[in-house]
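Note that the protein sequences, when read in sequence, are chains H and W.
Going by the working numbering, the first sequence opens with residue 69, and the numbers climb by one from there.
Going by the working numbering, the second sequence opens with residue 3, and the numbers climb by one from there.
Check each hint, because a few of them may be wrong.
For the chain H half of the interface with chain W, some residues (derived, Cβ under 8 Å), not all of them [claimed, not checked]: (1) A72; (2) L228; (3) H232.
With beta-carbon atoms standing in for the labels, derived distance ranges [what the hints assert, rightly or not]: (4) H:R110 with W:T63: 30 to 36 Å; (5) W:A22 with H:R110: 35 to 41 Å; (6) H:A86 with W:S60: 32 to 38 Å; (7) W:V9 with H:R110: 26 to 32 Å.
Calculated directly from the structure, the hints in this document are not laboratory data.
Where a beta carbon is used, it is the ideal one built from N, C-alpha and C, also for glycine.
Single-letter residue listing:
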Amino acid sequence: MHIAEGYLPPLHAVAWTAVAAPFVVHGARAVVRQVREEPETRLLLGAAGAFTFVLSALKLPSVTGSSSHPTGTGLGAILFRPPVMALLGTIVLTFQALLLAHGGITTLGANAFSMAVVGPWVAYGVYALVRRLGGGLAVAVFLAAALADLSTYCTTAVQLALAHPDATSGVPGALAEFLAIFAVTQIPLAVSEGLLTVLVVRLLTRVSPAELARLGFRPARQEA
Amino acid sequence: MSRFSIVNWILVLGVVLLAAVPLFIGSDSEFAGADGRAVERIDESDYRPWFAPLFNPSAETASGLFALQAAIGGGVLGYVFGAARTRRRDADPPA
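Using the sequences provided together with the hints, build the complete structure.
Take a look at the structure:
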């Protein structure tokens, strides 16, 4: 989902930056508040950031014959609410833009919006919905993480289609092409991300139940 | 092995299979990155990127830096699990 440096026209780059910036600023304040008010959750905060750091570095092969990477933003969004991930995700993207030439500074706003804003909010919404409907913890975490991943890539496809409409079929035609590149490749990776996030949540409920409870995160039933 | 461990290993196996199966069924594919494919698609039009990365590592260096990124994240995750486990054990010694 990393839109390469310079591949969004200046107007689009500025617009997406303007859209993403308030979320990131609000996220920075949310992180500061989180650390100040509940310092004992710092370890989990580190885990959420580290999870995104690892997963967004992994390029995995997909059945479409191309490869892509998970985003890892679902975990932190579920544990800490989405604003926290707006900052953590943007830090990861900045690292990759500056040191890896992966993504870019001009496209940071657009990339932050898809990975650090849309993905986490989708994760949070799906998680809350599934739990409210009576779904189990594992099902809710799996769907939240997988759909956060997928929605991030769909957002990227929309961003590119708006910036680069097809000469004959316009924005819808370009959207179909970019969705074919991103979303289809991403489906098995989204499943992988869902499974990995369930695994990490299971391990966390085992080693860190008190901190999770402090975040208001309770497993449906405590496994012995 | 406890039910907890068995389910965890099944999850790991699922992730490994999802990554490995494409390599076998599409073994003549190069698995180019989706990000790169999007760039190729845009390059087919007359669009030219107007800004270049400030620092552009070679492919070899970049793969090392990607590994470094994963290592930093993995290290922090490992530390968190180790610290949480120790704290849990100290606070709540097994009966």
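A quick look at each hint next to the structure:
1. A72: 5 Å, holds
2. L228: 6 Å, holds
3. H232: At about 5 Å, which falls below the 8 Å cut-off, the nearest Cβ of chain W leaves the hint on H:H232 intact, so it holds.
4. H:R110 with W:T63: 30 to 36 Å: At 33 Å between Cβs, range holds.
5. W:A22 with H:R110: 35 to 41 Å: 36 Å, holds
6. H:A86 with W:S60: 32 to 38 Å: 34 Å, holds
7. W:V9 with H:R110: 26 to 32 Å: Distance hint for W:V9, H:R110 holds at roughly 28 Å.
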